[in-house]
Amino acid sequence: MTLKGGATSACAACKYQRRKCIPECLLAPYFPADQTKVFQNAHKLFGVSNIVKILRSLDPSQHAEAMRSIKYQANVRDRFPVYGCLGVIRQLYYQIQMLEEEMHTVLTQLEMYRQHHHHQQQQQQHHQHQHQISSMADDVISQLELGMAPSNNALPLFNQATHQPYTMQNTYSSSDIDSPPKDNVENNSLWIQHLFFDTNNHGTGNNDSPIAIQSQLLVPNSEPLADTQHQVVQDYDEIHPFFDSIDDRQSYIDTKDAEDSSSSEESLKETTQLMVGNVGSKDLKSAAACFSLTSVN
Amino acid sequence: MASSSYSNPPCAACKCLRRKCMPDCIFAPYFPPEEPQKFINVHKIFGASNVSKLLNDVSPHQREDAVNSLAYEAEARMKDPVYGCVGAISVLQRQVMRLQKELDATNADIIRYAYNEMPQPPQP
Chain D
1489 MTLKGGATSA CAACKYQRRK CIPECLLAPY FPADQTKVFQ NAHKLFGVSN IVKILRSLDP
1549 SQHAEAMRSI KYQANVRDRF PVYGCLGVIR QLYYQIQMLE EEMHTVLTQL EMYRQHHHHQ
1609 QQQQQHHQHQ HQISSMADDV ISQLELGMAP SNNALPLFNQ ATHQPYTMQN TYSSSDIDSP
1669 PKDNVENNSL WIQHLFFDTN NHGTGNNDSP IAIQSQLLVP NSEPLADTQH QVVQDYDEIH
1729 PFFDSIDDRQ SYIDTKDAED SSSSEESLKE TTQLMVGNVG SKDLKSAAAC FSLTSVN
Chain H
2 MASSSYSNPP CAACKCLRRK CMPDCIFAPY FPPEEPQKFI NVHKIFGASN VSKLLNDVSP
62 HQREDAVNSL AYEAEARMKD PVYGCVGAIS VLQRQVMRLQ KELDATNADI IRYAYNEMPQ
122 PPQP
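Sequence order for the protein chains is D and H.
Counting from 1489, one number per residue, gives the positions in the first sequence under my numbering.
Counting from 2, one number per residue, gives the positions in the second sequence under my numbering.
Pulled out of the complex, with its shape left as it was, chain H reads as follows:
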C-alpha cells in the first residue's frame, strides 16, 4: 500500500477521538501526540466540543495560553473532583489575608516605636 501524500501524524486529540487529523485541526498545534494525557484530561473534564468552541472564541496568538490553562484546570479537577483548582485559590487567598494582617500589625508596632522616639512632654 502506497500512501498518496505525506501526512502529519495525528495530534493527541484526533488520536483520542479516533478521527482523521486534518491540516486545519484546531487542536493539533496545542496537543502534540507526545502528550496524550494532556488532551485526555481536558476532554474528560470539559469535553472536546467545548474546548474547540473556547479556542475559536480567543485570538490565535492566545490559544496556547488558553489550552495550557485548561489543561491545568482539568488536571486539578481530576486530582480533586470537589474543589479542583479553586481549592488552591482558596488557600492562596487565606495566605494573602494572613500576610496582610501580619503586615498591618508590624506597621502598627513601628508607629508605636516611632511615637516613642518623639520628644516626651515635660514631666511635672
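Pulled out of the complex, with its shape left as it was, chain D reads as follows:
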C-alpha cells in the first residue's frame, strides 16, 4: 500500500490496522512492511495501544532496546503459547544446573589427575635421588679400583650386586619404557582412570560423559604438562586408595629375585652411606663381605 505523494510503504502495524502510516509513526521503525508475522505476534500478546504506551513511558534512546525485547517476547509466546519466556528461563536454569554439576565432576577428575601426577613426580625424584647415590657409589668404587690390587674377588661380586639394584631402579624409572613392570603400572593407572570414569558416570547418571569417551581415545603423546588450576576436592579420598595400589614395588614382583634384590638394595644403601664418608681399606673389605653373602645372578 503506498501513500499519496510518498514512495515508502506503510509499516506492518499501519498496514494491519489499515490506516495511514504517518511519518511520525512510532512503530514504523520497528515493524517494517515485510515483517507482518512479527507484528502480528506482538499485537496478539501486547496490543498496539499497550506497545505505544510502553514506548511513550520510556526515553527515546531506550525505544530500540524495548522494541527488541517486546518482539522477542511476543515471538517466544507465539512459539510456546502456554509458558512463553518463563519456559525459556526454566530451561536455562536447568541447563545451568546441569553444567554446574558436570563442572563439579570434571574438576574432581582434574584434581585426581593432578594428585596422581604429583605423586608420580615425587616418586621420580626419589628414584633419581637413589640413582644419584648409586652412581656416586659407582664412582667411588671405580676410583678405589684404580688404587686397589687387581685380584680381588669381592669387587666383581660387588659390581654385579650394584648393577642389579641399579637395573631394578631403572625398571621403574621414567626413562625405561619397554620393561613389563612399568607397563603394568601404567596399565593400572589407565584402568583406574576408566574405573573412576565409570564410577563417576554412575554417580552422576550421565553415561554419555564426554570425559569417559575421551578417556577411551587417549593416544600416547609427549606433550609437556600445562599449568592447571589448584582446587580442593572434598571427595578425593574415595579415589585415593586406588592410587595406593600403584606401587613401584610391583616391578619387583615380576622379577625373579624380588626379595633378594630388595635386601641387596637395602644393604647397598647402608654400604654407600659408609662409602660416602672416609673410606678405609678395612671398611671396604667389610662392605665387600656384605655383598659376597648376597645371592646374585
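Honestly, the hints are just simulated from the structure, not real lab data.
Some hints could be false.
In the DSBU-like style, the derived pairs of lysine-lysine whose C-alpha atoms are separated by at most 35 Å in a straight line are [unchecked claim]: (1) D/K1541 - H/K102; (2) D/K1503 - D/K1559; (3) D/K1525 - D/K1541; (4) D/K1503 - H/K54; (5) H/K39 - D/K1503; (6) H/K45 - H/K80; (7) D/K1541 - D/K1559; (8) D/K1503 - H/K102; (9) H/K102 - D/K1508.
We have chain D already, so just place chain H on it with the hints.
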C-alpha cells in the same frame, strides 16, 4: 434487599473491570479476588481482551500455567519496562556460555594430563 440467589464473589478480573462476574467467567479460576495485583499487572501490560483470547487458544488444563507465565512476564515488564523478562534470559544465556567455556577449558586440561600419563617415547 434480598438477594435472589447466592453468587460467588467477583474474581479479581471482574472486580478490576467493574463488571459482573459470570459463572463461566474465563478469568475466575485463575484470578482469585485475594490476589488483585496479579490481574492488574496482566491487564496493564497485555490487556484483558488479549489475555482472554490467549486463554481461549490453549486447552483448559493448560490455562493455569499460561496465566502464571503471563503474570510473571507482566510483573517483570512492570519492574523493567525496557527489557522485561528478556533481561533475565539474556543474563542466563551469558551464564550458560561462560559455564560451557569453563567446562571446555577444564576438559582440555584433563586431556593434557591424560596424555602425560601415557608412556613417554624412549629418550635418545
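Hints, verified against the model:
1. D/K1541 - H/K102: Roughly 41 Å separates the two Cα atoms, so the pair is violated.
2. D/K1503 - D/K1559: 17 Å, holds
3. D/K1525 - D/K1541: 21 Å, holds
4. D/K1503 - H/K54: 22 Å, holds
5. H/K39 - D/K1503: Given pair H/K39, D/K1503 holds - Cα atoms ~34 Å apart, limit 35 Å.
6. H/K45 - H/K80: 13 Å, holds
7. D/K1541 - D/K1559: 15 Å, holds
8. D/K1503 - H/K102: Not OK: D/K1503 and H/K102 at ~45 Å, beyond 35 Å, violated.
9. H/K102 - D/K1508: Violated, at about 50 Å.
Of the numbered hints given earlier, the model fails hints 1, 8, 9; all others are met.
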